[in-house]
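Enquirer: Sequence order for the protein chains is V, B and E.
Per my numbering, the first sequence starts with residue 44, numbered consecutively.
Per my numbering, the second sequence starts with residue 2, numbered consecutively.
Per my numbering, the third sequence starts with residue 561, numbered consecutively.
Warning: the hint list may mix true and false statements.
[Said to hold, decoys possible] Pairs of lysine to aspartate or glutamate, DMTMM-like flavour, derived with a Cα cap of 20 Å: (1) E:Lys-764 with E:Glu-1183; (2) E:Lys-1275 with E:Glu-1220; (3) E:Lys-999 with E:Asp-864; (4) B:Lys-83 with B:Glu-33; (5) B:Lys-83 with V:Glu-65; (6) V:Lys-136 with B:Asp-131; (7) E:Lys-750 with E:Asp-642; (8) B:Lys-83 with V:Glu-103; (9) V:Lys-136 with B:Asp-99.
Everything labelled a hint here was simulated from the structure, so no lab data went into it.
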Amino acid sequence: MSRMGRARVRVPETASRGEVIEIRTMVEHPMDSGFLHNNMGQPIPRHIVETFTCTYNGSEIFRARLHPAVSTNPYFLFHTVATETGELVFTWKDDQGGVATASARIEVS
Amino acid sequence: MKLDTGRRRALQALAAGACLVIVRPATAESEELAPVLRELFGDRRIEQGKVTLDLPRLAESGNVVPVTVSVDSPMTPQDYVKRIHLFAGENPQPRIFDVELGPHNGVAKLSSRVRISTSQRVMAVAVLNDDTLWSAEVDVEVTVTGCGT
Amino acid sequence: MTTTFKESRRDFLVKSAAVTGGLMLGIRMPGLAQAASDAPEVTHWVVIQPDDTVVIRIARSELGQGSFTGLSQLVAEELECDWSKVRPEYADVNEHVRRDRIWRDMSTGGSRSIRDSQEYLRKAGASAREMLVAAAAQQWGVPASQCTVANSVITHSASGRSTTFGKVASAASKLDVPENPKVKDSRDWKLIGTSPARFDVPDKTTGRQIYAADVRLPGTVFASIVQCPVFGGKLKSYDQAKVSGMRGVKRVVAGEDWVAVVADNWWRANKAVRELPVQWDEAGNGDVSSESIMEFLRTGIDADDVPVARKDGDVEKAFAGAAKVIEAEYHSGYLNHATMEPQCATALFRGDKLEVWVGTQSGEATIAAASEEAGVPLENVIVHKMHAGGGFGRRGPHQEYTKQAVTIAKQMPGTPVCLQWSREEDMRHGRFRPVSLVKLRGALDRDGNWTAWHARQADQSIIITVRPTMIEGGVDPINTRSFRDNPYKVANFTNEYAMRNPHVPPGFWRAVAHTNNPFYRECFIDELAHAAGKDPYQFRRPLLQGTKDLAVLDAVAKAVNWGSRPSRGVHRGIAVVDSYGSYTAAAVELSVDDDSVIDVKRVVVAIDCGHVTHADAVKGQIESGIIWGLSAIMHEDITIKDGRVEQGNFTDYPVLKLAETPAMETIVMPSGGFWGGVGEPPIGAVIPAIGNAIFSATGKRVRSMPLKHHGFSYKA
Chain V
44 MSRMGRARVR VPETASRGEV IEIRTMVEHP MDSGFLHNNM GQPIPRHIVE TFTCTYNGSE
104 IFRARLHPAV STNPYFLFHT VATETGELVF TWKDDQGGVA TASARIEVS
Chain B
2 MKLDTGRRRA LQALAAGACL VIVRPATAES EELAPVLREL FGDRRIEQGK VTLDLPRLAE
62 SGNVVPVTVS VDSPMTPQDY VKRIHLFAGE NPQPRIFDVE LGPHNGVAKL SSRVRISTSQ
122 RVMAVAVLND DTLWSAEVDV EVTVTGCGT
Chain E
561 MTTTFKESRR DFLVKSAAVT GGLMLGIRMP GLAQAASDAP EVTHWVVIQP DDTVVIRIAR
621 SELGQGSFTG LSQLVAEELE CDWSKVRPEY ADVNEHVRRD RIWRDMSTGG SRSIRDSQEY
681 LRKAGASARE MLVAAAAQQW GVPASQCTVA NSVITHSASG RSTTFGKVAS AASKLDVPEN
741 PKVKDSRDWK LIGTSPARFD VPDKTTGRQI YAADVRLPGT VFASIVQCPV FGGKLKSYDQ
801 AKVSGMRGVK RVVAGEDWVA VVADNWWRAN KAVRELPVQW DEAGNGDVSS ESIMEFLRTG
861 IDADDVPVAR KDGDVEKAFA GAAKVIEAEY HSGYLNHATM EPQCATALFR GDKLEVWVGT
921 QSGEATIAAA SEEAGVPLEN VIVHKMHAGG GFGRRGPHQE YTKQAVTIAK QMPGTPVCLQ
981 WSREEDMRHG RFRPVSLVKL RGALDRDGNW TAWHARQADQ SIIITVRPTM IEGGVDPINT
1041 RSFRDNPYKV ANFTNEYAMR NPHVPPGFWR AVAHTNNPFY RECFIDELAH AAGKDPYQFR
1101 RPLLQGTKDL AVLDAVAKAV NWGSRPSRGV HRGIAVVDSY GSYTAAAVEL SVDDDSVIDV
1161 KRVVVAIDCG HVTHADAVKG QIESGIIWGL SAIMHEDITI KDGRVEQGNF TDYPVLKLAE
1221 TPAMETIVMP SGGFWGGVGE PPIGAVIPAI GNAIFSATGK RVRSMPLKHH GFSYKA
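With these hints in hand, go ahead and build the complete structure from the sequences.
Expert: Written out as structure tokens, the structure is:
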């Protein structure tokens, strides 16, 4: 069963057209690597976020494939060119069918 | 080695304050970096340069290591970074993350927080739109793993 | 090479000495050479001042084991300097990071300081010497090969010229460092193997030594802390109104699982923190006890399938055909490092810079911990390494006191915060030598030969908390030492390991698994010997043929005249163990009065550590190892009740006292050809030798520690 939690994103509310903006993202997830053991020396099974994508008015602007070495509560900071007013949609998917989403609006002038 | 899945034992463990975990075999064995690079890039040469890999030289536990990868690229439709890969060759699995970018990103720069399981060389590889490969490497010392043994 | 931080550190201390006028005057910070940053480096390990003072940079930590002196000897042997002008100084940790870890490994543990450093330190000394000679030779216009060097003097006999290191150091520092200098054969050593006066001892003896808690900068405030007594719990709430009006109290600072009171002196801080109402969330571990922990370990012994660490031959077949099968269970509990200096650190934020003063076993662990906790880049953190008042493994991987001091200091920028744990906090929040339980079986044939054995261990992994990737197939490579890597040539042997990790935080206690596993193994071997009707020493000998273990075992047996009749009431015990690259054996002579009062009369320990650097320090390590082992088997015991440690001070966690120390003899027999550790090896053999002697004296086989649980006491 997925232990995907809540997501938080930080996107500037406004930007000038052509400006490169910074986007911060995080989702709650244990990112159990599969390489750790419980307190009886038995391996704790892998359970990780596998993909993270961001669309901007429907076009994909960022995609990350995550492996077990991404820390608990995966954090990504990336950039995009502010082109038009609209919505950024963020989606995380894990290996147990868990999905988290977040969205943010941006006014571009 | 067979795993102990006896329910009685699990309950005993629970009584003693242990954590009850449904046991399945670990999904992956330790992997080497070289085959992973070959699989991703074939025989293509990985140059050093254009990439800046920003990681602390020392990490206490290696559990949450802040990393920033940036690539010197104009990010125009004619000249841009299309992928960035991060590797830790001594981790049980060398791949950390693989990111897809394009001119729409404006700059090829991203940050994350990663796990470095033991002191080692961490490598970032950028794939440009012309399919050339550029890289940077940083040695990270994980201090807690070096003590006492 | 100068850095602004070195200057600012020195300036700051000089200024503060002028202001306080007191404690700083005449008391040198450990090895803070006054003009070191201005004098030339001849390799980064050696700084030579114009007056010929030779500053040797020390990367490891001085914990009382003598590393400051021993590591200096390794460099000086090749350098051919005037030893009377040598001043060791800790390599600056901040500079180390900026210069890409140029001083290599700074961690002090695993009995590795000498053996891991010796090759590159000797080469550094040799390189520096070659550079100095080359500089002199260049100045004279003669071949370097015609010059000789001794006691910091370089001579060209042919032309009758000579000069000193101080005069050519600047020129030497500009030359390339030889990549692979020749180092002496051990037969030519003049300094390695001797016992020069130790650099750390005088100040420690006269009380001039400053420790981390003695650092007094202008405006220093003091903090005392309480941490959640149940491990894994969290702070729920506290009522600071109850203490903020108390005399001297400045503020209350909280962390995730601790609260600290800051005051103008430590006693006021401690008084207030003890009166502070605090609520903890025990997070479910509130009913764990030593008994429940033992039951948990037992599930490992009783499990159907246990990971196999080693398998030789066929033990089941051997047991089936055995004439005699001996079975026994041994166990031991938690132990605290109980360093004389409780955990403490002083931290100071000034602008975007952070300084910490701490007695650490790893300068790198400290700077990394401080940097991460403060959110300050490594380059902005200065670590002042202080000599530690005992390390023993407590002060390396665990830097929680550093992080706590940093957290408090961050709330009081510009104010130095000296955090010192009370003895109670130190006793209750150790990183304990973990619990262990082992089931042993051994088989003897009709002639009393040992044909097979089986060791199934259930214990708490330490390495899983710091380097979990070392666990393979559920086997802990450190906790299986002495079993998995035992030297006895017995054809059939199985070692199994069941990991069981209770909630009590484990740590590397001096000698780690070589404190309990050799006790189990060597006492069990004695049980087999007695079952076979054989002398325990003679029983071992054929199975150790060709090993260095045999040589040290023979040495102690000879020293106590094993086989001869001892004095009336005196009984002997013997044991051997190899660990940390060295081979040690112990023979003990003791008496037991009224069946319960133990008087250890004599302990003889032999060590083959390959090479000896500081002869007296090696002897000191053996003696301290004997005391460490005796204290463990006689007195020490950390028990858990209601999820927390019951003990709080030396009243309920007694350690060996001076009056209880027996006559100790050390046999140092380095056979050459390898470099073994010395800090931990002596301990493993001492503990079982005591257990074996007690059996000889009383017929009582003790299978757990400490002895007081078996009705024994120590002769006062």
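Enquirer: Verify the proposed pairing of Lys-136 (chain V) with Asp-131 (chain B), using a straight-line Cα cut of 20 Å.
Expert: violated (30 Å)
Enquirer: Taking only the CA atoms, is the gap from Lys-764 (chain E) to Glu-1183 (chain E) under or equal to 20 Å?
Expert: holds (18 Å)
Enquirer: Between the alpha carbons of Lys-83 (chain B) and Glu-33 (chain B), is the straight-line distance 20 Å or under?
Expert: Violated, because 25 Å separates the two Cα atoms, which is more than 20 Å.
Enquirer: Taking 20 Å as the top limit, are the C-alpha atoms of Lys-750 (chain E) and Asp-642 (chain E) close enough?
Expert: holds (12 Å)
Enquirer: Check the hint pairing Lys-83 (chain B) with Glu-103 (chain V) against an upper bound of 20 Å on the C-alpha distance.
Expert: OK: Lys-83 (chain B) and Glu-103 (chain V) at ~13 Å, within 20 Å.
Enquirer: Does Asp-864 (chain E) sit within 20 Å of Lys-999 (chain E), going by the straight-line distance between their CA atoms?
Expert: Since the Cα atoms of Lys-999 (chain E) and Asp-864 (chain E) sit roughly 14 Å apart, the hinted pair holds (cutoff 20 Å).
Enquirer: For the pair supplied as a hint, Lys-83 (chain B) and Glu-65 (chain V), is the alpha-carbon distance within the 20 Å limit?
Expert: holds (18 Å)
Enquirer: Against the 20 Å threshold, does the CA-CA distance of Lys-1275 (chain E) and Glu-1220 (chain E) hold or violate the hint?
Expert: Holds. Lys-1275 (chain E) to Glu-1220 (chain E) sits at ~7 Å (cutoff 20 Å).
Enquirer: Within a Cα-Cα threshold of 20 Å, do Lys-136 (chain V) and Asp-99 (chain B) meet the stated pairing?
Expert: holds (15 Å)
Checked against the numbered hints above, the structure violates hints 4 and 6; every other hint is satisfied.
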